[in-house]
Each structure stands twice: as structure tokens, then as C-alpha cells.
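Trainee: Chains as they are written, first to last, in the UniProt record's numbering: chain A, 1 to 340; chain B, 1 to 340.
Read the hints as simulated data drawn from the structure, not as lab findings. All the pointers check out, no bait thrown in.
Identical chains blur together in the list; that is why a pair holds if it fits in one copy or across any two.
In silico lysine to any residue, SDA-like type, Cα no more than 25 Å apart, as pairs: (1) K174 <-> Q127; (2) K241 <-> E324; (3) K321 <-> T244; (4) K205 <-> S243; (5) K292 <-> S10; (6) K205 <-> S246; (7) K292 <-> E34; (8) K277 <-> I338.
Quick caveat: nothing in here was measured; it's all calculated off a predicted structure.
2 protein chains.
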Amino acid sequence: MSTANTISISSPADFHVHLRQGDLSELVTPHVREGGFRLAYVMPNLIPPITTTVQALEYKSMLERIDPKTEFLMTLYLSPNLTPDEIRKAKRAGIVGVKSYPRGVTTNSDGGIESYEAYYPIFEAMQEVDMVLNLHGEVPSDASANIHENPCSLSPLRIVLEHATTRVAVETVKSLGSTVACTITAHHLALTVDDWAGQSWNYCKPVAKFPDDREALHEVIREGHPRFFLGSDSAPHPSIKKSTSSPEHGCAAGIYTSPILLALTTHLLESFGALDKLEGFVSKNGRAFYKKEVTADDAMVLLRRRNSNTNTSKRYSYSWKGQEVIPFWSGVDLEWEIID
Amino acid sequence: MSTANTISISSPADFHVHLRQGDLSELVTPHVREGGFRLAYVMPNLIPPITTTVQALEYKSMLERIDPKTEFLMTLYLSPNLTPDEIRKAKRAGIVGVKSYPRGVTTNSDGGIESYEAYYPIFEAMQEVDMVLNLHGEVPSDASANIHENPCSLSPLRIVLEHATTRVAVETVKSLGSTVACTITAHHLALTVDDWAGQSWNYCKPVAKFPDDREALHEVIREGHPRFFLGSDSAPHPSIKKSTSSPEHGCAAGIYTSPILLALTTHLLESFGALDKLEGFVSKNGRAFYKKEVTADDAMVLLRRRNSNTNTSKRYSYSWKGQEVIPFWSGVDLEWEIID
Numbered sequence: 001m002s003t004a005n006t007i008s009i010s011s012p013a014d015f016h017v018h019l020r021q022g023d024l025s026e027l028v029t030p031h032v033r034e035g036g037f038r039l040a041y042v043m044p045n046l047i048p049p050i051t052t053t054v055q056a057l058e059y060k061s062m063l064e065r066i067d068p069k070t071e072f073l074m075t076l077y078l079s080p081n082l083t084p085d086e087i088r089k090a091k092r093a094g095i096v097g098v099k100s101y102p103r104g105v106t107t108n109s110d111g112g113i114e115s116y117e118a119y120y121p122i123f124e125a126m127q128e129v130d131m132v133l134n135l136h137g138e139v140p141s142d143a144s145a146n147i148h149e150n151p152c153s154l155s156p157l158r159i160v161l162e163h164a165t166t167r168v169a170v171e172t173v174k175s176l177g178s179t180v181a182c183t184i185t186a187h188h189l190a191l192t193v194d195d196w197a198g199q200s201w202n203y204c205k206p207v208a209k210f211p212d213d214r215e216a217l218h219e220v221i222r223e224g225h226p227r228f229f230l231g232s233d234s235a236p237h238p239s240i241k242k243s244t245s246s247p248e249h250g251c252a253a254g255i256y257t258s259p260i261l262l263a264l265t266t267h268l269l270e271s272f273g274a275l276d277k278l279e280g281f282v283s284k285n286g287r288a289f290y291k292k293e294v295t296a297d298d299a300m301v302l303l304r305r306r307n308s309n310t311n312t313s314k315r316y317s318y319s320w321k322g323q324e325v326i327p328f329w330s331g332v333d334l335e336w337e338i339i340d
Numbered sequence: 001m002s003t004a005n006t007i008s009i010s011s012p013a014d015f016h017v018h019l020r021q022g023d024l025s026e027l028v029t030p031h032v033r034e035g036g037f038r039l040a041y042v043m044p045n046l047i048p049p050i051t052t053t054v055q056a057l058e059y060k061s062m063l064e065r066i067d068p069k070t071e072f073l074m075t076l077y078l079s080p081n082l083t084p085d086e087i088r089k090a091k092r093a094g095i096v097g098v099k100s101y102p103r104g105v106t107t108n109s110d111g112g113i114e115s116y117e118a119y120y121p122i123f124e125a126m127q128e129v130d131m132v133l134n135l136h137g138e139v140p141s142d143a144s145a146n147i148h149e150n151p152c153s154l155s156p157l158r159i160v161l162e163h164a165t166t167r168v169a170v171e172t173v174k175s176l177g178s179t180v181a182c183t184i185t186a187h188h189l190a191l192t193v194d195d196w197a198g199q200s201w202n203y204c205k206p207v208a209k210f211p212d213d214r215e216a217l218h219e220v221i222r223e224g225h226p227r228f229f230l231g232s233d234s235a236p237h238p239s240i241k242k243s244t245s246s247p248e249h250g251c252a253a254g255i256y257t258s259p260i261l262l263a264l265t266t267h268l269l270e271s272f273g274a275l276d277k278l279e280g281f282v283s284k285n286g287r288a289f290y291k292k293e294v295t296a297d298d299a300m301v302l303l304r305r306r307n308s309n310t311n312t313s314k315r316y317s318y319s320w321k322g323q324e325v326i327p328f329w330s331g332v333d334l335e336w337e338i339i340d
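Chain A with its partners taken away, still in its complex shape (with noise of 0.2 Å):
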């Protein structure tokens, strides 16, 4: 439902969150939902990482103490610990998915897996009770193969490709079956490689691909195709970790969207005329794959257009015990707004 000046969204939902631990995870975790969503589909990359239910319970606890109004959806982090028994008993306790993370892609991964094979009995206890396999969309680089960027799939399991960014993902996705869904992040559809290129704020992995990829991207989203949902791979760093590079090490790979995600989502599809398509996008699409109906009483989010009287174009952050971070287009004045 959308009038010109004035949005409802039924319980936004974000599927790919990074919550961290610690300082961190206090000063984060909150803004899920001033973010403007309900629901948060936790990534499992910590130290150590997610590996049993017992840690993803204790994690959810963890988080529901800082912010008992957000629903916190869990998932495991798949590597050799795991077994069919521990898969039967995470879903049991409520746990959603597990998460498939190629050996060293993105932060925390050092755990990450090379080859699928000997998890043929994983994925078939995920399958027969239901659980969705989360699968980090990248490779690692080889160069011998000219590896950069991959979809990967397998079947008949359901499963998420998460944060695609290029044509050949959607494509691919597209031609697939209904067990197979995509997400897509926010900034995905706002940068290409040229917005990253000498800019560590911008810099993320998967890193953004040319102006067609992202084409592809909203095109996807103005069709309205129901597997392509919102998950925004929100990935705090200390700010000081994403503005500096030493010699021997580079920036963090991690882009923060959290505080403003539901707001920065609309002034995008809206940039690209898919505004129509916001409700389907944030909420709909990715509760309908993931069966997470909306629950909770207040689950109407409105969102207003801005007065652009009150633009600043000033940078804003958010501090807490010494940890700082700064969001994504911090100090751009968007279109829209959450009404409280």
C-alpha cells in the first residue's frame, strides 16, 4: 500500500544480519529495528564461530536481552563438527538455516569449507526436516581459473544464495527451481566497482560489480520476482578498522546499514522505480521461502517522504564503550523516513 507521501510495510524482515559479539554486538543489535525491521536472520561467522545449538541458543539469548522486541531467527555455521543429530536437534529448538561460508572470503571464515561432498548427509537431514542451506555467493579468487565471483548451487535442499551482485547470479537463480531463493543487499543496489575502488567505506564482500550487474539487480526487483528478498549482509566494523590500511593489511570488508536500512531501501527502489515493490522486496517474499509468518503486534512499520527543509548532509555515527561505528551513506540526506 503506498499513497504519494506515505508507505506501510508489513513487518520488514531482514535476512542476512551480522549482529557480532561484545561492546559491539550492544551497540548494534538495537538498530535492527530502528532500522525499521522485525525480524533478523542472524549470520553465524563469531569467534569461535556458531557451530552447535547450544551456542546459537545461547547467542539468541544474548541478543534478545539487548533487544527483546526483535525477532532473531538463528543458524549454524556449517563445518566437520556438524552431524544429521545436531541438524535434528537445532531445528527442534527453532533454528532456521545453516550458513555455507567458502574458506576465507569474508570476516570470520578461516573456518569455511572447500568442498561440498562430504556434506551430502548434512544436507540431507537439513532437507528432511526442512532446514534452508545459506550459501555465501563467492568463491575464493584462483587465479589459474580466472575465478573472481560464482553462484554456486546444489538441489533439491532449499536453499538461499545470499547477497548476489552480478547479472549471471540472477540469471542463474532465475532459471532454478522454487527451492531456490537469492538475497540482495541495500548498498548492491546503490555502488559498482568504482564506488569501491580507493574507497575502504564502500568495500565489502562480495565487492560490487559493473553498472549492468546492478542493472540486473533492479531489474529483478521491478519485476517483482518473489524469490529475491532483502537480506542486507549489514556487517559492523570499529570505524577505525574500515579507514585504514597498513602495507601489510588492508581495510575491513564490511558494509553497515542497520540504522537506516528500511529507509535507505525505499529511496533506492524508489530511485530505480520499483517503489511498488518495496512491501514484496522487505517483507513478503523472504517470509513466504522462509515460512515466518508475521507475528508480532506491531508489526505495521510507515514510512514518510522527508521534508527536504530538514536536510543536513552532516555524518552522523553511533558510539559505546569505545567502539564506533559509522553507517553506510552516513551524512546523505535520503527521501524517506520511519514515522515512530
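Based on these hints, arrange chain B on the given structure of chain A.
Mentor: Chain B only, in chain A's frame:
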């Protein structure tokens, strides 16, 4: 000439180098010779740009005061101020080339040009007096046209396509006649996109491309193609500008190789089986195209294979009056070193 563990090279010449201004120039100009080179083809993108013969000669005098032993070949910055008469005057004063920058793609290129038509009278005068046109092989990005990198071409003027980074550029230059040559930097023989993603110290313009592009650069050197030669594009920036990005401003683009240039180039050519083409690449090919015979007395430069017992893997830098620069691969032990 080479034996297993020593190599002698006749008067190495770097046909593309940035020597800057002020204290930074004092710091980096001697590094050309320390890095093993006897001739520097000097870029004109200062503030303000070098657009007249008078400016170029003043700049040359300053460089010669800093290092009387290095031969400096001077260039003018192509701009609407340039006239055919100024071209003839420049030629008489020993200026060798005119550098054309597309607007805005590199350090101090805001005065760059967008269309070549207005410059045809200049090009005619350059052809008359046998000056070289140096084309910055990069066009500004244009999302609507999906443009990121493009070689340009013109004829029948003598033209050098600077710092080729793609297979397409290499193949284009190979397909053209004897009036078109091409420089290749040392760092583009080492880097691909993965090296500068999130690592500002490896970020330069044009950016390093994909492994297959790098392979094309290796191939054309390995085959000893006479119209391809070294132009380091060595581009020092104060280390603070290389190491930091704010959300509003990215890091400086540029890689600094002068102080280690000959040893680095030797190391790299050996790594891809082109050590026997070293003298052609770093001296003879470029000198032949630019018609610059070896004149200096101390023309021979000797290299020897380093004793790996002396490896330190320690980062080093150069400082002068508050300016600090850190070279490319600082902390990497090269296979070769110059014998003083």
C-alpha cells in the same frame, strides 16, 4: 647479457614517472637513480599543470638541481592553452612529448580533456616536429555506457598508450603500426583486482585488472615485442594519504616503485620467464621508440641475485621534512639487487 647470478643492463630508462613538487619532489627525485634508472620521462600533472615550455624548463632545472646525474625528459600537459607555435618552441627546447589526460581520472587531472577534435592543429604540429603524444589509457567511467577502461587510438602521430592494463589494450597496440607504442608498469605485472580490493596501498589508476589481463602483459613482454616497454607510473603520495579513507574522501591513487624499480622489474620478469627480455623492456625498446640513445658515461647498471640469508621482510620507508613515502612491496625481499 646475463649469467646465472648477475645481469648488466645498458642505461635503464623509465618512460613514465611522477616527480611531484616541493619537499616531496626533493625526497623522491633521487630515487629514480637509486632504483637503477638513468633516464626519467617526467609527467606534467603538477599544480598548476606544466602547459608551457617555460614552465617545463623551470621544472627541469629544479629536478636537475636535486639530481644532476639523471637525464630528465620533459612533457607538456595537453590543454586548450597549447598552440602549434608553443609546440614548435617546446621541441626546440628539447621537450619530448605531450601528455593527454582524460578529465578527472588521475592525480591533478582536473584540467584534462574530453574531446580530441579541438586538438587536431596541435597534433599536426607535433607530427611535424616529431613529438610524441602520451595517452593516459583510461576513460572516465560512464555507467550508462558500461565504460570502465578503454584504450584510445589516433594516427598517424607517434603515440604511446600509457600503462596498459588489459588484454584488449595489448592486442590493440599490437595490431597497430610502428608509430604506436605502449608502456607497462612494474606493479601491473604483479597485481590483480584482488590485491587492491580493500587494500589502499595497492590501489592505483588505472586499477589492476583480472588474471587473464595480467597474463597478456606477461605474454607481450615474454615475446619481446619491441613496442612495449617500461613506464613505471611511479606515483608517490604521503603515506597518510595512502593509508586512510574517510566516508567523504577515499585514499590517494598511486603506487610508488622508483626506489626499487629495476630490482622489482627484474624479480617480476624472472617470475614469469622473461628475464632474457629485461634489457629490451627496461631500456632498448623505449629508447628506440623515443630515439634516445644511451649517452651517459656510467651507462651500465649491474644487478646480482640477492643472498636470501639477508632476507628481513622488514617494512621500510623514506622521510624528508615531514614527508613520508612507503614504496610498493616494502617488506618483501626481492630476488635481485643493484650492485653500487
